[in-house]
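Could you build all of it, start to finish, from the sequences and the hints given here?
Okay, here's what each chain looks like letter by letter:
2 protein chains.
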Amino acid sequence: MELTKQLAEAVLSADPLQDQRAVEMARNGLLDAAASALAAKEDEGIQKLMALVEQEGGAAQIPVMGQGKKVSRQSAAMLNGYLIHALDYDDVHSDVRGHPSAVIIPSLLSQLTDSKEYGDRFLAAYITGVEVMARLGESIGKAHYERGWHNTGTLGAIAAVCAIGYLKQVSQEELTKAIGFAGAQSAGMRKQFGSDMKPLQAGLAAKTAVWSIDLACSGFGGNDSVLDGALGFFSLYGDQELAESRLLEGYGSTWRIVAPGLWFKIYPFCSAAHHAADAILSLMREHAFLPEQVKQADVVFPPGGDAALIERTPLTGEEGRFSVEYVIALAIFGQTLTLDAFTKKTIPSYMRTWMKRVSREYDQTIEPHPDAVPKGRFTIVKLTLFDGTTISKRIDIPQGAPGNALSIDDIMKKLNSVTDDSHAQLMLQAVEEGNDSSYLQLLA
Amino acid sequence: MELTKQLAEAVLSADPLQDQRAVEMARNGLLDAAASALAAKEDEGIQKLMALVEQEGGAAQIPVMGQGKKVSRQSAAMLNGYLIHALDYDDVHSDVRGHPSAVIIPSLLSQLTDSKEYGDRFLAAYITGVEVMARLGESIGKAHYERGWHNTGTLGAIAAVCAIGYLKQVSQEELTKAIGFAGAQSAGMRKQFGSDMKPLQAGLAAKTAVWSIDLACSGFGGNDSVLDGALGFFSLYGDQELAESRLLEGYGSTWRIVAPGLWFKIYPFCSAAHHAADAILSLMREHAFLPEQVKQADVVFPPGGDAALIERTPLTGEEGRFSVEYVIALAIFGQTLTLDAFTKKTIPSYMRTWMKRVSREYDQTIEPHPDAVPKGRFTIVKLTLFDGTTISKRIDIPQGAPGNALSIDDIMKKLNSVTDDSHAQLMLQAVEEGNDSSYLQLLA
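Line order of the protein sequences matches chains A and B. Be aware that the first sequence starts at 1, since it is given in this note's numbering, and climbs by one per residue. Be aware that the second sequence starts at 1, since it is given in this note's numbering, and climbs by one per residue.
Hints in this document: simulated from the structure, not taken from any laboratory. For clarity, every value in this text was computed on a predicted model and none was experimentally measured.
Since copy identity is lost for identical chains, a pair holds within one copy or between any two.
List of simulated lysine-lysine pairs, DSS-like, C-alpha gap at most 25 Å:
1. K69 - K116
2. K48 - K116
3. K48 - K5
4. K5 - K344
5. K116 - K168
6. K295 - K393
Written as C-alpha cells, this is what we have:
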C-alpha cells in the first residue's frame, strides 16, 4: 500500500459539504473554538509568546485572537492554536484522543491572506482536518498516547496539512510531500501536561502545517512516502499494520466530525475529569451534605481511564486542570467549576488537605455503556459520609459529549460568558455568512 | 535520578577551555562548517527557503552564509543549519551517529546579536554542544537510529539548547526548562534521507534550540523533568535505563569533540561510504584496470554498517550521496569524488547500468579494528575481474576520521576549494581572533 499518496488522493477528491450535519458541526466548532480562545485572552503565556514573536519580527498578516495585533501567518497559526487550547476548554475528539480544532482552525485561518475567496470550502477543509486527525488517531494505536506522546501535537500537523491542502486545492504531489514534511516534524510530549507548553504544542503543530504546505508548494524536495514502510511515520510513532487497515477505510462516506463527533466542553479542564464533574454536581443537587460530612470520595475508572489526569496533588488551579481530586474538592466546597478556579493561583490549603480524602480506583469488571464517550469509559463517584451513608453516581456520557451534545444555544452561552453580547452576535453572524472576510472576524 | 536538572547543572558548571585540544578542534570545526556551507551556497533548496522566509518577514538580525542577506535569529539558525548540512559535507560524530556542528554552530551564531562580548566562551559553548549531543547519542541507544529517527534532528535541539545556555550563562532553572521545550519539539525522520528535507532537519533542530532558550528565559511555563521518568524523552525516543547510566558519567573530564572526536569529511557524501571510497581509490592507484575489465565489485560491511546508505539504484547525484554503488562506479570510471558528481543531475545510464555489478555483503565473522571509526565498522571492497583476478582493500579508519584526522591545512584546502583565497584567509583569521564580531565573519 502507498498510504501517503492514497491519503492525499482521498482528501483531495472527497466532498464534505454533501453532509449537512457535518457542516452544522463545523459551524459550532468554529464558535466553540473562538469562545475557548477568548476565555484565555488575558493569559500570561500569550503575552510572553507575543513578545517573543515581536522580537523575531515578521509581516503583519493575520490577527491573533483578542490581542488586537497581526503577526505573520506561521506565528498566527501558533499563537491562535495556543489560545484555543490554553485553558483546555476547547473541543476534544475520542478518535484523536486530543484536540483537533486547536490545530486545524488556526492553520486554516492563517490561509486567509490572499485575494482568493474560499467560501464554503473553508468549512469543508475544517471537516477534512478533523477527519484525518481522527483517522490518524485510530491508526496510530492506543499505545502511542500511553507511551507519552501528545496526540494533539503528533497528529495535528499532518491533519492540518490535509485541511489546508483541501482548502487551497494543491496538487496530489504537493499534498503528498507536505504530509511528509509535517510527519517528519511531528512532536509533542504528555510530559508537558499541566504547563504552558501543552497548549503551545497544539499551536506548534498548526505552525508546522502552515510551513509544511508552503515548503511543498515551493518545490522544496521531500520524500513522498513518509507514512509508509519500515522507517515510516506509523512504524516510528505507532503501528504500521493498524494504519494500513484503518487510515483510509471508507474515507468520505461518513464524517468523524459528526460520528463519533466533536465533544464541546462545558468545563474548562481536562475532559477525562468531566464525567466525575457531572457525577459530583449531580450528587450535590440530589443530596444535602457539607464538606466536613464527607469521609471519603472514591472515583472509579476503567483501567487507564484517568491517564490524562496526571496531577493528584496539584498546587495551582492550572495544575488542577488535570486533577480529578481538585475537581471533586471544588464541587464539594460548593464552588463553581468555572475559569477562575483554574488559574495559576495557589489552591487554598484547606482544599488541598481535603483532597487527600479522594482516591482513585480501577474496575475492569464493570461493563461500559455501548455509547460511552470515549468508548469504554465511565466514571463512578462514590461518597462515604462519616455517618456511614454511601451515595454514588455513574456517568457514561458527560454533558457536551456526542450523545449528550451542546446545542448552538449552549455554545452561544459559552461565548457570552467570555465576551460581550454584541461581539458574540458578530461571531455568530460571521459563521453564518461563511465567507473569508467573515471568518477572519473570528480573530478580531 | 533527575537527569534534566543534573544535565543543566553539569553543563553550566564545566570549563571546556581547560582542554587545549578541544579548543583546537572547535576552531577546525568552525572552519570546516563554513567550508561545507559555502560549498552549498548555490543550492536550489536554499533559494526556496530564503523566499519562504522572506514571505513571512522578520527582523534583519543575522546573516545567512554566502547569501548576502540577514534574517531573524530563528530563521538564520534554520537556514545556516540547512546550508552546513546541505551536501552532507559537514562533520559527523560516531557517538551522535549524526552531524553535531550543523545544529550547534548555527544556533550559537544566532546569539551574536546583542552587545555582549562572549569571546572564548563561544568555543566553550560549541564544545559543550558537541559533548551533550554525543552523550545523548550514546544514551538514546542504537535502536533509536535503527527504528528510523534522524539523530541529527532528534538530539540536536537539546544539545544546542545546552550550548546556548552555556554561552549565555542562563540559570539552571532556565536551562532545565529549555531542555524540556527542546525535547518536546524533537523530531526528524531517516525516511527523508536523500531529499532536501534531510539537511533541513538539522536546521530545524537549530531553530528549535534558539526558540526554546528564548521561551525558557521569557518565563513561559514548562516541565522541568522532560528527560526523566516513564513519560520522559528517553523512555519515549530511546532507552531510559541506558540514559541513566551514560548521560552524565564523568561529564567534563574529557571532551567528546576530541575523543572519539569530530570526523571531517573529504568527500561530499554520506560518511558510511567513505571507507569504500578510500578503498576503491587505493585499488585504482595500485592497479591499472579499466571499467570494462571489472566483472563484479563486492562491498563487505559488518551487519547494519550500511544502514545509512539507503540508495542502491540512485537516479541522481543527490540520491547518490547515500549510495555506495554510485561512489564505487564514479571511482571505477575515473571520475573525481567531488561536489559536481553529487548534484540533482541524472546519473548517466552507462554508469547506472554498470552499478548493477556492485553488490553488498555482510560478514559478522570479521574482527573490527580496535580503533575503527565508527566503532565496529570496516569496509572491504573486493573486485573480481573478467580474467579471474581478484583484488581487495580493507579500510577501518577513513581519511578525515579521528585517528586519521585532517590537519588545519587539509581543512583550509577544503575551504579553498569552495571560495577564493582571500575569503578563506579572512575566515582563518576570524577563528584565530576569536571574538564575537570575528565569528560573525564566518557568515559573511
